[in-house]
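In this text, residue positions in the sequence shown follow the numbering used here: the first is 2, and each later residue adds one.
Think of the hints as simulated: they come from the structure by calculation, not from any bench.
As the structure is a prediction and not an experimental result, all values here were calculated from the model.
For glycine and all other residues, C-beta sits at the position ideal for the given N, C-alpha and C.
Treat the hints with care, since some could be wrong.
Stated by the list, open to error - Derived CB-CB ranges, DEER-like:
1. L40 / G12: 37 to 47 Å
2. T37 / I68: 26 to 36 Å
3. L28 / E94: 24 to 34 Å
4. F99 / S46: 16 to 26 Å
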Amino acid sequence: QAAWDMAKEKGVDLVVVNPVLVLGPLLQPTVNASITHILKYLTGSAKTYANSVQAYVHVRDVALAHILVFETPSASGRYLCSESVLHRGEVVEILAKFFPEYPIPT
2 QAAWDMAKEK GVDLVVVNPV LVLGPLLQPT VNASITHILK YLTGSAKTYA NSVQAYVHVR
62 DVALAHILVF ETPSASGRYL CSESVLHRGE VVEILAKFFP EYPIPT
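Construct the complete structure from the given sequences, taking the supplied hints into account.
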C-alpha cells in the first residue's frame with residue numbers, strides 16, 4: 002500500500018507484475034526457492050505430494066510481462082502473471098515422464 006500511496010503523492014504511474022511460482026533457467030549457480038519446489042521430487046526427499054494445486058509461469062514470460070507493461074502507456078494497476086495451474090499429481094507425472102531415472106513419488 003505504501004508504494005501506491007507514494008506513487009499517487011509523487012504523480013508517478015505504478016504498475017505491478019505479480020508472478021506466481023516462477024520456473025525456468027537459473028541465472029545463479031545456486032538453487033532458489035522455486036526450483037526447490039521441483040527438486041524435492043527429483044531427489045527423493047519428498048516421498049509423497051500434497052493434494053493441492055499450484056500456479057506456474059516461465060521466467061521468460063515474466064520478463065516479457067514486465068516489458069509489455071513498461072511499453073504500454075495505458076497499463077495500470079496489478080497484473081497477475083500465470084501460465085497454468087497444475088495439481089501436484091500432474092507435476093510428479095510430468096517429472097516422472099521426463100526424468101524416469103529419479104525417485105519421483107507416485
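To see whether the hints hold, each was checked on the structure:
no., hint, in the structure
1, L40 / G12: 37 to 47 Å, "45 Å, holds"
2, T37 / I68: 26 to 36 Å, "27 Å, holds"
3, L28 / E94: 24 to 34 Å, "28 Å, holds"
4, F99 / S46: 16 to 26 Å, "18 Å, holds"
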